[in-house]
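> So you can see what is in the structure, the chains are spelled out below.
Protein chains: 2
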Amino acid sequence: MSMNGAESLVHTLLASGIDTCFANPGTSEMHFVAALDRVPGMRCILGLQENVVTGAADGYARIAGKPAATLLHCGPGLANGWANLHNGRRANTMMVNCVGDQATYHRPLDAPLTADTEGLARAVSGWVRTCTTAEEVGAQAAVAAQAAQTSPGTIATLILPSDTCWNDGGVVAARLPIPAAPTAAPHAVKIAAELLRNGKKTLIVLGNGALRAGPVADAHRIAAATGADVIAAGSNGRVERGRGRHPVNRIPYPVDQSVGLLKQYAQVILVGTPKPVIFFAYPNKPGTPVPADAQLHVMTRPEHDQVQALAALADELGNPAHVPHTGAATAELGRGKITTEAFAATLATLMPENAIIADESVTFGRAFFPATHHAAPHDWLNVTGGAIGGGIPLATGAAIAAPDRRVINLQADGSAMYTIQGLWTQARENLDITTVIFSNRKYQILIGELANVGANPGRTAMDMLDLGNPDIDFVKLSEGMGVPGAHATTMEQLNDLLAGSLNRKGPFLIEAII
Amino acid sequence: MSMNGAESLVHTLLASGIDTCFANPGTSEMHFVAALDRVPGMRCILGLQENVVTGAADGYARIAGKPAATLLHCGPGLANGWANLHNGRRANTMMVNCVGDQATYHRPLDAPLTADTEGLARAVSGWVRTCTTAEEVGAQAAVAAQAAQTSPGTIATLILPSDTCWNDGGVVAARLPIPAAPTAAPHAVKIAAELLRNGKKTLIVLGNGALRAGPVADAHRIAAATGADVIAAGSNGRVERGRGRHPVNRIPYPVDQSVGLLKQYAQVILVGTPKPVIFFAYPNKPGTPVPADAQLHVMTRPEHDQVQALAALADELGNPAHVPHTGAATAELGRGKITTEAFAATLATLMPENAIIADESVTFGRAFFPATHHAAPHDWLNVTGGAIGGGIPLATGAAIAAPDRRVINLQADGSAMYTIQGLWTQARENLDITTVIFSNRKYQILIGELANVGANPGRTAMDMLDLGNPDIDFVKLSEGMGVPGAHATTMEQLNDLLAGSLNRKGPFLIEAII
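Line by line, the protein sequences give chains A and B. The numbering of the first sequence is our numbering, which starts it at 1 and goes up by one. The numbering of the second sequence is our numbering, which starts it at 1 and goes up by one.
These are computed hints drawn from the structure, not numbers from a lab. Worth double-checking, as some hints may not be accurate.
Heads up, simulated DSS-like pairs for lysine-lysine below, C-alpha to C-alpha not over 25 Å straight-line [claimed, not checked]:
id, chain 1, residue 1, chain 2, residue 2
1, B, K337, A, K505
2, A, K275, A, K190
3, A, K285, A, K201
4, B, K476, A, K476
5, B, K337, A, K442
6, A, K200, A, K275
7, A, K275, A, K201
8, B, K201, B, K337
9, A, K505, A, K442
10, A, K476, B, K263
11, A, K476, B, K442
12, B, K263, B, K275
13, B, K337, B, K476
14, B, K285, B, K201
15, A, K263, A, K200
Since we're looking at a predicted model, the values are computed, not measured.
Build the full structure now, drawing on both the sequences and the hints.
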């Protein structure tokens, strides 16, 4: 059967197990779009701006455990989605970007949309190829799918000049095997065991695959047997947590807090995560919370099999007994004024079994994570790369991946405005997402940062951090995109709205005025 | 007086004549923000997403005739604003981007927001520097301002690691001279004159600086004396036009139309614009509308002084008389159903003197430009790089540059959703902008493109091009961001709303359901 390059692409993605595509197509992608009609099986989800598309693909992969495809239009379309690709890169997210571009022979004419597509892709992808013929599209797509899924996961970007899509000669490629994650080096496990036995104060830092319930439990029995402490990296793609699972805190964001917390440790063992680093440099503050004289040991890197590694370490330590975790949910709703503590209590109480939390609550939300250790079992997703505008898209993609689970997006107002368009996709796909916007009507985090630089901000500076004048009405924005919503100014209202939203199908938005 | 790098930056920008800054700052820009309080004179305008910031800086420069600064946050912030930088690049827009970034000594630690900022900048800027000390910030800023304004204008990007902003030692640099635009090569003018005298059918294509009223008039007297035709490039940063000025059409976007129009010409003379090129390649269609056997002559490139060049050409041709242009406005409002022709008539009738049109009306708006040759004198701004999402930001920046002029943004619905956040800035700054959204609730241009690829679209393909389900309510979106608005389903309603909006202060949005 003769087919064009675009058809071979869709067939190959499906053969490789990729059946979901987040898309914002343009002219150069029309052969891919046309192929969707002829090749059944690919679910396509439209986003109105590309940072919604890429952020949703990130959220999807974190929950589905396999990559989605994206469909993006030329260099500028890739640029529009770049920030959430950056977040995905920092979460080691599996993703296959398909970026349509100028035809091979048209590129030298420098038509208006022509840009350095490959350069943009390379800065944010672990794997990049530009096809030059229809014949190779299938083979390259299969390699892209393989690259994306090779541990610890990466963003693979396949650039498709339009003639490679419309020309005949497409060849479907078979699924390629995914290499197993490498096991930890035995000497690295031995060294970790020795450090844990030497009596010095030790911190075990978990990241990536070490943050699933199983390895977290293993880390806790290791800690209980050796007196070490366990913590998670500051920002993580997915943490399995909640009732019945061992609680694990995260390294705090504020520099003074993280430095203060880690200064007690003489030894730091990294399991699946790079050395902790402060988010930004500040004058006369360290760049890492790890004490300068602490011994740092990399037991595993992100690409290793963290489950195997922690089991091996437990073995090395004489297989200490599992420790039951203590603590139970305090089922009490927050009352009165909407505060971070009050909402944290409500969240811990109302969170349904198996929920997914997409957390971009920034300053207001710093209490939410520690307060929900003993909520119903759930997954917690962070915006991992610090590029704000991740929350709404992450929630959207997670809901596509898990139609039987409720997604709760804890969302700061300033950050929400970067990708507010994602609400439309939630309405269109009728996704079970509750978005709670925490409207403080300012870039609160930056007011803190301005204080950190020693400034006593005047009117001009404060104007740059103020989201009032005019106040944004998120309920109107939401309704304008087909998502019903309501305002809450007290915890009582917020409790009712949140509980109600969790019991209905489809998306709902609550703007909490704080 | 001792000052830090950030203060020297603000002082130097002001000394260089740059007194307007579109901003979306983050932590690494807090010293710049703090400096705004201490250094008076810089007007800062906040955008809620970076593509609003960069597109507004583009619109500002096109109207002000001088650059604005932007303030962007690290690689992801630059990426968010990249698409409208791409549009600005294609318009040869003057702009000075200030991009804050990780401190020089913090970058090697690869903190989460660390990215290839310089690579992103280089792909879209004519000039890029990364400062390494506070001492050099002022000098580099002065060179950036000079580079941005060197003909034909470019995007200059200055990357500022945060320690170069907070360290003391800043030195204010004086304004650097802007080199004059080069005059046309005399032999290039002579060759143009010879071609225009040889009796062959000739087309003069104008771009960039040749599209101001003066050079357009000169082009018309040259054409009248020689029998040549005059046309503008397909998409232009700014065209001065309207009553009392000579009309000039643009090369049409659709490939068949542009090829059909240009096939009659044996000679094509380029004045300030590159060789015309088709926007995208299509199977078995040419890449340029210029006939393969036509003689192409580059009289001037975009950086040349187009005013001088056309005057020199007229001289060479014996100084032909100015021709009065014919044609007068037909002052008749469109009636009944909202069609492209009906709205074009209304626009031609109601457009106030000295208006600025920010045109991102895409498919529905193709009749607007030809129908308004004889409207009141105005400037017409196109989205020049084909990256959609330019219209709302362009209008915003143009209104900042010209507070005494009305801006009318003709805006397709699909494109509007890429940078809808710009409405908030319009409300905050109380800008005199009327936005008319043409809601066809689909990506109409792509439905045409899908037909071009020969596809008979089925349900799955059409879903990717459909903006209904749910319909977007642009009035709710607008009101949610503080811009009042109303719907129109007939020309009578649209006429009333448009006329009313032109007579009020501040922004207004009309959603025309078409």
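> Does the structure break any of the earlier hints, and which numbers would those be?
1, 5, 8, 9, 10
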